[in-house]
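Each step along the sequence shown adds one to the number in my numbering, with nothing skipped, and position 96 is 102.
Treat the hints as calculated values from the structure; they're not laboratory data.
Incorrect hints may have been included.
FRET-style restraints, in silico, Cβ to Cβ [stated by the list, open to error]:
(1) Arg-59 / Arg-208: 45 to 55 Å
(2) Ala-180 / Trp-90: 55 to 65 Å
(3) Leu-255 / Glu-44: 37 to 47 Å
(4) Ala-274 / Val-223: 17 to 27 Å
Ideal Cβ placement from N, Cα and C applies to all residues, glycine included.
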Amino acid sequence: MTVQDRGRPGLAHLGVPRGGWLDAAAATLANRLVGNREDCAVLEVSGGGLTLRHEGAGRWVSVTGAGCSVEVSGAARGHGAATWLPSGAGLRLGPATRGVRSYLAVGGGLAVEPVLGSRSTDTLAWVGPPQVLRGSVLPVGPVTGAPPGVDVAPLRRHGPLRVLPGPRLDWFGAEVLHDLCAQEYVVSPRSNRVGLRLQGRRLERSRAGELPSEPMVLGAVQVPPDGQPVVFLADHPTTGGYPVIAVVLGEDLTSCAQLGPGQPVRFALG
7 MTVQDRGRPG
17 LAHLGVPRGG
27 WLDAAAATLA
37 NRLVGNREDC
47 AVLEVSGGGL
57 TLRHEGAGRW
67 VSVTGAGCSV
77 EVSGAARGHG
87 AATWLPSGAG
97 LRLGPATRGV
107 RSYLAVGGGL
117 AVEPVLGSRS
127 TDTLAWVGPP
137 QVLRGSVLPV
147 GPVTGAPPGV
157 DVAPLRRHGP
167 LRVLPGPRLD
177 WFGAEVLHDL
187 CAQEYVVSPR
197 SNRVGLRLQG
207 RRLERSRAGE
217 LPSEPMVLGA
227 VQVPPDGQPV
237 VFLADHPTTG
247 GYPVIAVVLG
257 EDLTSCAQLG
267 PGQPVRFALG
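Take the sequences, apply the hints, and build the full model.
Following this line, the structure appears as structure tokens:
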């Protein structure tokens with residue numbers, strides 16, 4: 007569990023990743039449902055199973071993203087809807103049953119201390135607030151709005167991750183990009199906020215050695231020496247020395263946030 011907002015764009019030249027929530031559509035919807043600005047900090051919960059207690063004045067909360075049960079003091083509440091959380095009440099999120107990452111928004115937003123202009127926790131360099139652990143206490147900000155009464159969840163695109171050719175195709179044979187799109191991969195258990203690690207048929211390089219480190223972008227499909235592609239996500243390093251064969255289109259990256267170990271992944275030229 008980590009606190010996340012839009013992240014730290016524009017600091018890559020200083021070696022600071024953008025970071026921020028992985029599923030922007032789910033996180034911003036959670037904020038809208040409780041009357042927050044879309045950029046307020048939320049709690050990103052991987053796998054579900056969260057239990058917390060609210061000690062301040064009552065607040066509206068919402069849970070979006072991965073499907074899970076939602077309970078307030080033992081009573082079932084709706085997923086993807088504003089729910090009133092009285093003072094002293096307990097909130098429980100069950101295990102994720104569909105997807106991986108849930109987003110919990112609280113009216114007023116989570117008011118942890120910002121670092122470099124963001125309240126996001128970067129899990130690669132550990133810039134930002136500390137990881138949320140058992141016993142953590144999270145402050146909330148002043149309420150600035152009320153639930154809108156109705157909102158619409160964005161449509162999810164299902165299908166292959168669309169990619170554009172990467173800048174280092176010359177490090178691979180002529181057919182390797184076709185090979186990338188022709189086969190099915192599965193998500194590795196070693197995936198995290200840094201990258202979606204995939205397992206499948208090895209992608210062969212046509213050149214030996216390694217590249218000097220060069221800038222990396224969100225969505226880059228990097229191929230390490232083992233030939234198993236990695237899709238860079240929000241906490242990716244700002245530089246890297248493995249060749250990039252393709253780049254996933256930005257609008258398809260939210261799908262990566264909800265892919266769990268063992269799930270199939272395919273690519274297609276966008």
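In ascending order, which of the hints set out earlier in this document are inconsistent with the structure? 3
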